[in-house]
Amino acid sequence: MSKPAAASGRVWRRFLHHRIACVGGIVVALLLSAALFAPVLAPRDPTFLDTSVRFLAPFADSRFLLGTDELGRDTLSRLLHGGRVSLTVGLVAMATTVLTGAVIGITAGYLGSLTDTLLMRFVDTMLCFPQVFLLLVVAAFVPPTLLSISLVIGLTSWMEVSRIVRAEILNLKEQDFVAAARALGASRARIMFRELLPNAAAPILVAATLKVASAVLMESYISYLGYGVQPPLASWGNMLTNAQGYFNTVPWLAVLPGVAITATVMGFNFLGDGLRDALDPRLRMGP
Amino acid sequence: MNFAAALARIDTAAVTQAPLLSVRSLQLHLPSSPQPLRLVDGVSFDLRRGETLGLVGESGSGKTLTALSIMRLLEPPLSGCVHGEVALDGVELMSLPESEMSALRGRALSMVFQEPMTSLNPVMTVGQQIAEPSMRHLGLGAAAAGARAEEMLRLVGIPDPARVAASHPHLLSGGMRQRAMIAMAIACRPALLVADEPTTALDVTVQAQILELLGELQRELGSAILLITHDLAVIAENAHRVAVMYAGRIVEEAPVDLLFAGARHPYSRGLLASIPRIERARLDILPEIPGVVPGPGERPAGCSFALRCARASARCHAEVPPLAAAAPGRRLACWNPLDG
Numbered sequence: 001m002s003k004p005a006a007a008s009g010r011v012w013r014r015f016l017h018h019r020i021a022c023v024g025g026i027v028v029a030l031l032l033s034a035a036l037f038a039p040v041l042a043p044r045d046p047t048f049l050d051t052s053v054r055f056l057a058p059f060a061d062s063r064f065l066l067g068t069d070e071l072g073r074d075t076l077s078r079l080l081h082g083g084r085v086s087l088t089v090g091l092v093a094m095a096t097t098v099l100t101g102a103v104i105g106i107t108a109g110y111l112g113s114l115t116d117t118l119l120m121r122f123v124d125t126m127l128c129f130p131q132v133f134l135l136l137v138v139a140a141f142v143p144p145t146l147l148s149i150s151l152v153i154g155l156t157s158w159m160e161v162s163r164i165v166r167a168e169i170l171n172l173k174e175q176d177f178v179a180a181a182r183a184l185g186a187s188r189a190r191i192m193f194r195e196l197l198p199n200a201a202a203p204i205l206v207a208a209t210l211k212v213a214s215a216v217l218m219e220s221y222i223s224y225l226g227y228g229v230q231p232p233l234a235s236w237g238n239m240l241t242n243a244q245g246y247f248n249t250v251p252w253l254a255v256l257p258g259v260a261i262t263a264t265v266m267g268f269n270f271l272g273d274g275l276r277d278a279l280d281p282r283l284r285m286g287p
Numbered sequence: 001m002n003f004a005a006a007l008a009r010i011d012t013a014a015v016t017q018a019p020l021l022s023v024r025s026l027q028l029h030l031p032s033s034p035q036p037l038r039l040v041d042g043v044s045f046d047l048r049r050g051e052t053l054g055l056v057g058e059s060g061s062g063k064t065l066t067a068l069s070i071m072r073l074l075e076p077p078l079s080g081c082v083h084g085e086v087a088l089d090g091v092e093l094m095s096l097p098e099s100e101m102s103a104l105r106g107r108a109l110s111m112v113f114q115e116p117m118t119s120l121n122p123v124m125t126v127g128q129q130i131a132e133p134s135m136r137h138l139g140l141g142a143a144a145a146g147a148r149a150e151e152m153l154r155l156v157g158i159p160d161p162a163r164v165a166a167s168h169p170h171l172l173s174g175g176m177r178q179r180a181m182i183a184m185a186i187a188c189r190p191a192l193l194v195a196d197e198p199t200t201a202l203d204v205t206v207q208a209q210i211l212e213l214l215g216e217l218q219r220e221l222g223s224a225i226l227l228i229t230h231d232l233a234v235i236a237e238n239a240h241r242v243a244v245m246y247a248g249r250i251v252e253e254a255p256v257d258l259l260f261a262g263a264r265h266p267y268s269r270g271l272l273a274s275i276p277r278i279e280r281a282r283l284d285i286l287p288e289i290p291g292v293v294p295g296p297g298e299r300p301a302g303c304s305f306a307l308r309c310a311r312a313s314a315r316c317h318a319e320v321p322p323l324a325a326a327a328p329g330r331r332l333a334c335w336n337p338l339d340g
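Residue numbers (our numbering), protein chains in the order written: chain A, 1 to 287; chain B, 1 to 340.
Please keep in mind that the hints were generated in silico from the structure rather than gathered at the bench.
Any given hint could turn out to be false.
Unchecked claim - Some chain B residues well away from chain A (every beta-carbon gap over 10 angstroms; in silico):
1. Ala18
2. Gln35
3. Arg105
4. His230
5. Ala312
6. Glu319
Claimed, not checked - Partial list, derived from the structure: chain B residues whose beta carbon lies under 8 angstroms from chain A:
7. Phe113
8. Glu115
9. Asn121
10. Pro122
11. Met181
Even glycine gets a Cβ: it sits at the ideal position worked out from N, Cα and C.
Excised from the complex, chain A in its bound form (with noise of 0.2 angstroms):
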C-alpha cells in the first residue's frame, strides 16, 4: 500500500460522508458533461431560426422539450449550448481570479512593509471602481471572445481573493512552524508556496468556488451591455437578458436559464464546502 493513495483514500472516503457536497459534485458533474457533449445531446442547432415556432411554452410540444424563445430557437438546444460558454467563462475566470489573488496575497502577506502596502493600496484602488466598469473599459479595447471576457472578469475580480489570503497569511506566517521551516533552511518561495498556501487552502477553495457562481452572473451582465458573448451564441446570461422582456407573458424563458445558473452556484458551492471539509487533515470527522 503506497502512502500517497491511502492519504488520498482518506480523502475521498472523508468526502463522501459529506452528503451536501456529494449532491453538488453530482450537479457539477452533470451540468459538466451536458456542457462537454452539448453538441451530441443537444436535439436542435441552438441558432436556427424558425418563427413559425415562436414562444413555445415547455413540454407543449414533443420536438421542443423546453420550448422555443422569442425567435422560435430551441431552449433546450441553447440551454446546452449556452451552458458551455458560461462554464467555460466561470471556470476560466476563476482560475484567473484565484491564481492572481493567491500570489498576490501571499507575497503581500509574507513579504510585508513596503511590498504589502504597495500591493494592497493597489487592491484598495482597483475595488475603488465598480467592476463592471472596469469591465466595460477593458472590453472597449478587447474584442469579445471567450477567452478573453474570461480573462478580463478574472483580472477585474481577484482584489477580494488576495485580501483573503493575505489576511490568512498574516496570522499563519508568526505559527511556529515557519520559523522551524526558516531553521531547517527553507528559501522564502518555499514557506510561501510550501508551508503556507496549503495552510490557506480553506478559505482559497470557498472563494473559488464563489467566484465560478460570481463569474457566471458577471458574464450575464457584461452581455446584457452588449460586450459580452455575442449573440446568436448563446450564454445563460445573454439568454436570462433576451428574456426579460418577455417576463410577464413567458417567464419561462428567464425561468430556465436561471435554474441553470443557480444549479451551477450552489453546486459549486456546495462541492467546495465538501472538498475544504475532506482536504483539511486538522478536522477529524468520520473513518
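Given the structure of chain A, go ahead and fit chain B onto it with the hints provided.
Same frame as chain A, but now just chain B:
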C-alpha cells in the same frame, strides 16, 4: 569566498580543540529613548564539538534572542540590530548573504523549538516535513528522502516509523512531535544543534526521554548542542558546561559540576538556592532573590544585578564588571564574587 570548502569542513566531524562555534560580543540593542533596549548585551562564548553548553536564565534574560541571533532567524527590524561575531567552524555567519545562510541552516546548524504542538506544519505529513531538509540540502529525490525520513524517525526512537511518517502532526502526542522535530533538525547531521527549551512543553517523563535522546544523538553524531533552558535540573543532567545569563549578559560560565558545587556569582548562587530540595526541612521557606530583573530599557550603569545583590558595593553601581577568566574553564562577571 571558498564556501564549498567551508561546508565540507563543517561536514567532517573531526574532533579538534578549536571551538566549533565562537560567539563574540553578540549584541541586540533596539533603538529607543531615553536609552536603547539592551536585549542581548555583549554575549561571548565558545562551544566545542561533542559538547553541550547549557544557557540558563530567567525569561527575558535574552537566551532565546541569543539563539535566534546565532541562527540569524530574527525578522526585520530586529535582524538589523544584531551586531557582533558568530563563527561556525571558521565561517563568519553574520556577514553571510541570506541565501548562503539559508543553505547552512538545517545542514550545518539547526534548531529545535520549544513548542512541538505548533512547530510542525499541520497540513503536511510528518514524513514530508522530515524529508524536506534532505531534499534541499543533500539533493535527495522524494523517494530517497522519504526513506531517510523513516530512518530518522527510527533513530529518534519512534517504534513505528512508516505509520508515523504518513501521519499528520495532529495525530501524534507532544513527545512524538518533539521527536519528529528532532528528527527534522538532525536529518542532515548538523554540526551544531540549538535546542531552545526543547522539553519545557512536555511532561516530566517525556522530558527525561527527550533529553536522553539528545544525549544519545550527540554521542552518535558528534554534534555540539546549545541547550537553552530556565530549568537548572535539565542543565545539571545534560550539559557539560553552563553559562548563566542575566539581563542580556552572561554573568558566570563554568563546567556544570563546578557551578553546582559552588557558584561564585551572587545571581547564580541565588538561582541554585531557589531550587527546592528534598532534604530541606518542610517548613523552610524557599529562598528567593529579592526584586525583579530590570527591563531591557532600564539597565543601570553598573552591574545589572547590583540592585538585587546583597554584596553590591559602590563600584558595582558604577562600572559593569567584565566577564573575565576566574579559573581555568571558568569565567565570571562580578566585582565581589563569592568563594567557589
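Here is how each hint holds up against the structure:
no. : hint   : in the structure
1   : Ala18  : holds (24 angstroms)
2   : Gln35  : holds (26 angstroms)
3   : Arg105 : violated (4 angstroms)
4   : His230 : holds (18 angstroms)
5   : Ala312 : holds (39 angstroms)
6   : Glu319 : holds (38 angstroms)
7   : Phe113 : holds (6 angstroms)
8   : Glu115 : holds (5 angstroms)
9   : Asn121 : holds (5 angstroms)
10  : Pro122 : holds (5 angstroms)
11  : Met181 : holds (7 angstroms)
The structure fails hint 3 only (numbered hints given earlier).
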